[in-house]
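Chemist: Chains U and V are the protein sequences, given in the same order.
Start counting the first sequence at 1; every next residue gets the next number (this note's numbering).
Start counting the second sequence at 1; every next residue gets the next number (this note's numbering).
Keep in mind that a hint or two might mislead.
[Said to hold, decoys possible] In silico DSSO-like pairs for lysine-lysine, Cα to Cα no more than 30 Å straight-line: (1) Lys53/U / Lys143/V; (2) Lys123/V / Lys63/U; (3) Lys123/V / Lys20/U; (4) Lys123/U / Lys123/V; (5) Lys185/U / Lys53/V; (6) Lys53/V / Lys123/U; (7) Lys185/U / Lys20/V; (8) Lys155/V / Lys185/U; (9) Lys155/V / Lys123/U; (10) Lys20/V / Lys123/U.
[Claimed, not checked] Looking from chain V toward chain U, a few residues come up when the C-beta cut is under 10 Å (computed): (11) Glu34; (12) His59; (13) Glu119; (14) Ala145; (15) Ser182; (16) Gly183; (17) Arg186; (18) His194.
Please keep in mind that the hints were generated in silico from the structure rather than gathered at the bench.
Nothing here was measured: the structure is a model prediction, and the numbers come from that model.
Backbone N, C-alpha and C fix where the C-beta goes; we use that ideal spot for every residue, glycine too.
There are 2 protein chains.
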Amino acid sequence: MTAAANLAQANLKHEVADFKRRRIREEASHLFFEQGYESTTLDAIAQRLDVTKPFLYTHYANKTELLYDICRTGILQSLAAIEPILMDRTDSAVGRLGRLVEAVLTIIFDFQEFIVVYEREEKNLDEVQAREIREHRSLFDHKLATLLEQGQLAKEFEIVDAVLTANTIGGMMTWVALWYRSGGKRTRYQIVSHTMAMVFSVVGANRQDQSALVAAARR
Amino acid sequence: MTAAANLAQANLKHEVADFKRRRIREEASHLFFEQGYESTTLDAIAQRLDVTKPFLYTHYANKTELLYDICRTGILQSLAAIEPILMDRTDSAVGRLGRLVEAVLTIIFDFQEFIVVYEREEKNLDEVQAREIREHRSLFDHKLATLLEQGQLAKEFEIVDAVLTANTIGGMMTWVALWYRSGGKRTRYQIVSHTMAMVFSVVGANRQDQSALVAAARR
């Protein structure tokens, strides 16, 4: 077997392990969402996946580790998604802000239960884990505030307090996770374009820029 | 004893009973906030108030009743606070919206732990209780959407979707409960005036109206 084949084999193993962990998180998150963290046993999670409890232990040391991995998913995905958008200085601040809103809302729709579980169950994390996630969230707010300041400097935005405004925009997006119901009266695209328009209002973006971007998002 | 004296006596009893229930809710909410609903026993609540468990039972049939009374406090207080504001048709829509934001944020600051406990522990309510609270919340959103439509008709606001906008404004205010820390970098007044300015942006209120109202709130 060549070195390259060895490498390929090692990657697939890795992918399979990642896949297994992802499926464990999804089913655990669903049970935590439906029944609460404290009422959900590892046995119930194992049963739902038709695996044994020792199998779960090979992937997660205990139930708190699993909760921790669920709770940090939304913010880690969001940080990864916004990084290339924020770095793309060929785009205007308002353009990057629109793409950020769309990217983060997509994660919020895809990981809705994870985000709700985090909001509800944070108190069940140990202090080090909870602090780490809060630091990631602060980093997100900080990066968003920096974008707002760039737009302010470029005279694209009119903002009084970039930190409070970034926090509010984060809240407007997170709020969607707390009320959105799949199959409800409004589609994901309607929610994205409406949220985007409201975010542009909050930063005082030029109304013409806004309409063009919201129309682009609707296409 | 005269009839009037009888009446006064009966009211004080009522007030004392209300006071006792309020103190039970406050201490219970604090324990639910710190430790979670499921980990908090009625014994712990009784101990905190230096009363007996039978004393608690004379005011609340069980722990779920207590959770229910805590969970509905924020929305019932908010509905009561906004009613006279919404009915005051001598005031403009933008004026009433500003007063609404201030009134609701005041409740959110005063009952912050109650609101966080509701967001976290709703799943521990029974279905009838949970639905009743959700209906109160829908009623709040509906009343706010009606105000937005009145402002739209009066050409004070520019709104595309009053229902989604009302929901977002509700979220911007509730979000404050989820992050505000007393003694943090921003005072309550700063948060109120900034939220008010952002709410005015979201409804497309005239910038001149906005500044006057935000300045009024800062005084």
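Chemist: Run every hint past the structure and note whether it holds.
Modeler: So, going through the hints one by one against the coordinates:
no. : hint                : in the structure
1   : Lys53/U / Lys143/V  : 50 Å, violated
2   : Lys123/V / Lys63/U  : 20 Å, holds
3   : Lys123/V / Lys20/U  : 28 Å, holds
4   : Lys123/U / Lys123/V : 16 Å, holds
5   : Lys185/U / Lys53/V  : 46 Å, violated
6   : Lys53/V / Lys123/U  : 26 Å, holds
7   : Lys185/U / Lys20/V  : 43 Å, violated
8   : Lys155/V / Lys185/U : 27 Å, holds
9   : Lys155/V / Lys123/U : 46 Å, violated
10  : Lys20/V / Lys123/U  : 28 Å, holds
11  : Glu34               : 8 Å, holds
12  : His59               : 26 Å, violated
13  : Glu119              : 6 Å, holds
14  : Ala145              : 13 Å, violated
15  : Ser182              : 16 Å, violated
16  : Gly183              : 16 Å, violated
17  : Arg186              : 7 Å, holds
18  : His194              : 5 Å, holds
Figure legend: structure checked against the earlier numbered hints; hints not met, in rising order: 1, 5, 7, 9, 12, 14, 15 and 16.
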